[in-house]
Amino acid sequence: MSATAENLRPAGRPIKARLGRDDLAMRGFMAVIALYLVIALALPLYAMLSKSFSTYQFDLTSYEFQVSDDTGNFQTAPITAAALNETLQAVPSEDLATSSDGRLPATSFFPEFSFRSPMIYRIRGTGEDVSFLIGSERFSGTAWQEVDSNTFRRVMLRPVRSQGLQNYTTYFSTPSLFRSIENSLFISALSTIITVTLAFGFAYALSRSCMRFKGVFRLIALAPILVPSLLPGIALVYLFGNQGMIKGLLLGESIYGPIGIVIGSVFFTFPHAMLIITTALAISDARLYEAAESLKASRWKIFWTVTLPGARYGLISAAFVVFNLVITDFGLPKVIGGQYNMLAVDIYKQVIGQQNFEMGAVVSVVLLIPALVAFAVDRQVQKKQVALLSARSVPYQPRANPRADWLAFGYCSLVAVFIVGLLAVCQFAALIKFWPYDLSLSMNNYAFDLMDGGGWDSYYNSIQLALLTAVFGTLVVFTGGYMVEKIKGFETGRGLFQLLAMLPMAIPGMVLGLAYIFFFNDPRNPLNVFYGTMAILVICTVTHFYTVSHLTAVTALKQMDREFESVAASLKQPFHKLFRLVTVPVCLPTILDISIYLFVNAMTTVSAVVFLYSPTTTLASVAVLNMDDAGDIAPAAAMGMMIFYTNAGARILHLIISKGVLKRTQAWRFR
Amino acid sequence: MRRPLLVLRVIISVTWYKSSEASSVSSYLRIRNLYKNFGDFTALKDISLEIEEGEFVCFLGPSGCGKTTLLRAIAGLDLQSFGSIEQAGRDISALPIARRDFGIVFQSYALFPNLTIERNIAFGLENAGRSKTEITGRVAELLDLVDLADQGKKYPAQLSGGQQQRIALARAIATSPGLLLLDEPLSALDAKVRVHLRHQIKELQRKLGVTTVMVTHDQEEALSMADRIVVMNHGVIEQVGTPTEIYREPGSLFVADFIGETNQIHSTITAANGLTVGKCALRSAAHGFAQGQQVIVTIRPEDIIPHEPGSRRAESDHSALAVTVGEMEFLGSFWRSRLTGAELGDEVLYADFSINAVRRLSLAAGSALTIELPADRLIAFPAGGDDVGNG
Amino acid sequence: MAFRRTCLTAVAAGLLVASTAAAETELTVYTAVEAEDLKRYAETFNQDHPDIKINWVRDSTGIITAKLLAEKNNPQADVIWGLAATSLLLLKTEGMLEAYAPKGVEKLDAKFVDKSTPPAWVGMDAWVASVCYNTVEAGKLGLTPPKTWKDLAKPEYAGHVIMPNPNSSGTGFLDVSSWLQIFGEDGGWDYMDKLHGNIARYTHSGSKPCKLAAAGEIPIGVSFAFRGAKSKAAGAPLEIIVPDEGVGWDMEATAIVAGTAKLEAAKTLVDWSVTKTANEMYNSGYAVVAMPGVAKPVEHFPDNLVEKMIDNDFEFAANNRKAILEEWQKRYDSKSEPKS
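Listed in order, the protein sequences are those of chains S, Z and B.
Under our numbering, the first residue of the first sequence carries the number 124, and numbering increases by one thereafter.
Under our numbering, the first residue of the second sequence carries the number 7, and numbering increases by one thereafter.
Under our numbering, the first residue of the third sequence carries the number -17, and numbering increases by one thereafter.
There's no promise every hint is true.
[Said to hold, decoys possible] Residues from chain S that face chain B, not an exhaustive set, calculated with beta carbons under 10 Å:
#1 L300
#2 Y471
#3 I475
#4 P559
#5 D575
#6 D716
#7 T739
#8 A757
Keep in mind that the hints were calculated from the coordinates and are not lab data.
Even for Gly, the Cβ is constructed at its ideal location relative to N, Cα and C.
Take the sequences, apply the hints, and build the full model.
See the structure below:
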């Protein structure tokens, strides 16, 4: 009896699972959260992409002119602007492309025009929606408008919307714009090299030496996470600006520009790199070191042949994370960049400065590319790193070596001084009455209500946003993670969901914020009721920080026994009972981690929300930006430090709650 | 021409026939033409099986043979691709887990770590219209049943592996399911606890009379616990039978080889009840092979009977061979001896001789010996065929 | 009985709440007026009209304009109160303003009222460019105070001048458009080419150069007079210089956003915005206001400021805005770092 193909695929229809109530409920939940991601991510991005192809064009065929003779009689037939341009070639076709703000003087088509001539001009559109201006008055439609020659020179044609690649052509033919690509890449690369090198040294000292105060150093190294990325910029102004405390150290170079951006970038990306590299170093195998030592290899040789290769995935991953953070950051180059243009700032300039939304969308698309590449590479590397992690290895235990330990201590102290120094400068500046002329201490700079940026309200708004983001975000992220991890079957749906959940990491905040304007501020969109509310800020922030939270949740859920759900189902208990009684309590530490992550980031984020806040929802982080923008640098520093203290407080609270909760709900962990 | 697998097939279909004809009541679980595909890989091929009510059945086979896949299909954890499953006369082929009727114990036990032992066991008892006292009573009863009456307030992590296993069992049977599924329940435990738990589980099963399916890769476990064993390999059932049937009358070379230990000898058919072993033609049980055909003949080491050297009772006794003892390995209750000799040609046999026999015959390395290969213990299988018979 | 009384009280209280709710209208007002003035504006307005509550949306001119344009098809604002006339002209050409002649508009200087009938917007006050000059820092560097715009382009000020980027700042744009009007188009660009060599950097906002000059971060900041006067009052060692050639200016103006659901309240606010009370209120920060005869001298304001205001052609500024900004960007924004 041979196994032929037909009895491997017997006749009859394959069995299709009948879905139980739980299956349907879980799919329903997942669908809801997937829908959330589609609305909060996919659709806005699509709206932005289509906006980048939306162009404005003067449509010459839709205007008709008629010119009288010297006595004011109209003898000649009406003629379209297109026909006139064809004979005159007055406006070359590339000049017909413009932005939504474009204006084309009607006199362009009349080279002999003089405002003194007695001739009378008529103009009309050939369709109802064709519009033109006479002075600042807007006319549209097919009715003739008659003007004398002096008024005719005030007639301006308006563009109509069309589709095309023209915005991209304009972008790449405008040096001031595409120069930013080079600048962004350069700054990001340089900052990455410096940060990763410094962070590696720091992480190495933390994990491979027996120096003292490791815990303190670790805490200090993590402090930059608690402040907006633009805060180091403000500190640098006080240190190295023209009135800077130690500006001599720059040897006459200006802090406003690449130098400032790089120093600031190193500050705010340092903790991210440090965390990743520390993890990478922690998993290296002590047995390799023993082997190397038994072969009498020198410390130097061990470093190059064991330590570095072992940490290489961590280093690569850290490099891409830092690169991505720097290239997508907007606050820092905005504050300290001077005339040095970077992509993320360009988006802001195009949108806020010039109201050129289409070009903003184009720059966003350009900014997406390096971010996506960095993201993709990082994902690949992370996969390999995971493989390393699961290998069985013996953790390395450093041995005391006084000389090396003092060296490590010295090095870490330098880094710590750099980090604490910048923060201290901000706090100091915030308390000075009028730098540099009146150095008395005062609380004047905390009178935020007298400044731009929304005053103290923006601080309270930020706390509200952070709390809402933490609660709502954790709920959505953890539920979504649970459904995608524990649902039975439904592979396609899960794959799609995973993709959606990973996407936010690759989307720069500026891009997300801009995409939200396009999507949510469209009057045809019934969701535009959210525009200008706290809700949209929460949605945007949750989406912006979705990926890391999702990965954290999924990692924790993966550690749960895969069969809990099967057991519960076999005992005829609904999944939500299991979720409530087992999953959530067991994952509580992770849930708290996710919420503090979301809280801290909601307090510090600027890039996405800068396009979305409204008068009632001004935010502290944006206030820092706006106060700096208006020249109120000391209040900006003061507000920045308020964010720092709030986040530090939240962290401590988180720690206390975690401990308390752990004691109560995690008793089972301790025998 | 009869083939062992053919025999197996007939047996199965006869069983099937019998049960479907005689009493659909007694056959509790009925699996028909089950297939499971994972992409291009076929994990289960045309599985048909009947399990009687109250029976303890083991799925036994090497890893990757499909035994767990079959169990998960029965439970509805991973649905089969084709084929049907009936439980107590009800078609459950496509039902969600919650609408089936079984309790399950996993290799990992899957005890809820943050709930006490009591709450773990009570988990399935809640929401079913039972009163609190009723539940407490049932939990106490179950704890008693698994001999852990005083452990109720502890958390799973505070118990030993064997204790956790029993809690998982108690939780699975708490709702008195019609079917108990055990997925390698003992494999995570150390040897001594395992042996102890074997008996306890078996006893419990007998007491409750619950139809039980257990997946295991440990033949000793299967042989000692099961009423019937389903031996599986490469996604098909090789043989179904009681432990003694499986051991004494393997249906295929695979089963003969997988269960216990056996000698495999290249052989040629000499008669309807004769074949060669080495250079000698021996009498064997009736087989179905044609004269002159190449076969593999098997005999278990303990079935080889030692005699005084030269003690052939008669020339017509075609069961004896003269051999020389090679290395002898002491394995506690017996000696495993390597046997060679002119009459064996190139073949080597291993025989297990009792300590008594060794003493009686003063066997040592180099001793000459006559062995008897009982005709009914020489079982022939087609040569060159792999474990799926080739026609 | 007691029950009945409570009931009645409750009903009465309910009615009271209902009636105040009906009376109170909330207006969303977009503005670029300095943050520190907003509270005062709202309070003064509420003295006459306590039933209308103002919700301010305050941001810099560029951002507010961008916001309004972005919301073109779905306006969130009811009224714009205190935005550059150049921006309002832009909004007008997009058809975003509700034409309305406020009661008493005839009492205003015609220069301050939109030319259409009824006008799309009315001006409040003028907002005049000036140079903030930090005497202490300039002294340290040995600079002499510039008297004219042309002076500012001299090599001695190289790297010591900051001005706002016209792409994002209304003040920056009025500087550029005034130079193009004062020196003619070619002369204007010529001038800016030279000036660019002296600029340390271009800031995003218009008040920042003056605040930076006040803080000594730079000796010379091209900004506007009002900001300079405020910083000087706050104790900064500033001198406010009005260049001889004349200075650009823009109006802060008021308009109703077309399509507002609260037209009546919006009209009430705009009516009030042209009253004498309102003009006196504007005067506390601006030396030039729309209603003739109201303005009193403002502390620290340069005396000759009004005479030096150029005859600004707003239509030119609005209709050529895009072309000017493109040209400016092409010339000065492409250089990653300023020449010094």
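Okay, the hints, checked on the actual structure:
Because the beta carbon of L300(S) sits about 8 Å from the nearest beta carbon in chain B, less than 10 Å, this interface hint is met. Against a cut-off of 10 Å between C-beta atoms, the interface hint on Y471(S) holds, since the closest Cβ of chain B lies about 9 Å away. With 10 Å as the threshold, the beta carbon of I475(S) comes within range of chain B, its nearest partner Cβ sitting at about 5 Å, so the hint holds. Hint status for P559(S): holds, given a least beta-carbon distance of 6 Å to chain B, under 10 Å.
Here the hint on D575(S) is kept, as its CB sits about 5 Å from the closest CB of chain B, short of 10 Å. Restraint check, D716(S) versus chain B: the minimum CB separation of about 36 Å is more than 10 Å; hint violated. Proximity of T739(S) to chain B holds as hinted, the smallest CB-CB distance being about 7 Å (cut-off 10 Å). Taking 10 Å as the C-beta contact cut-off toward chain B, the hint placing A757(S) at the interface holds, the least distance being around 8 Å.
Hint compliance for this structure: hint 6 alone is broken.
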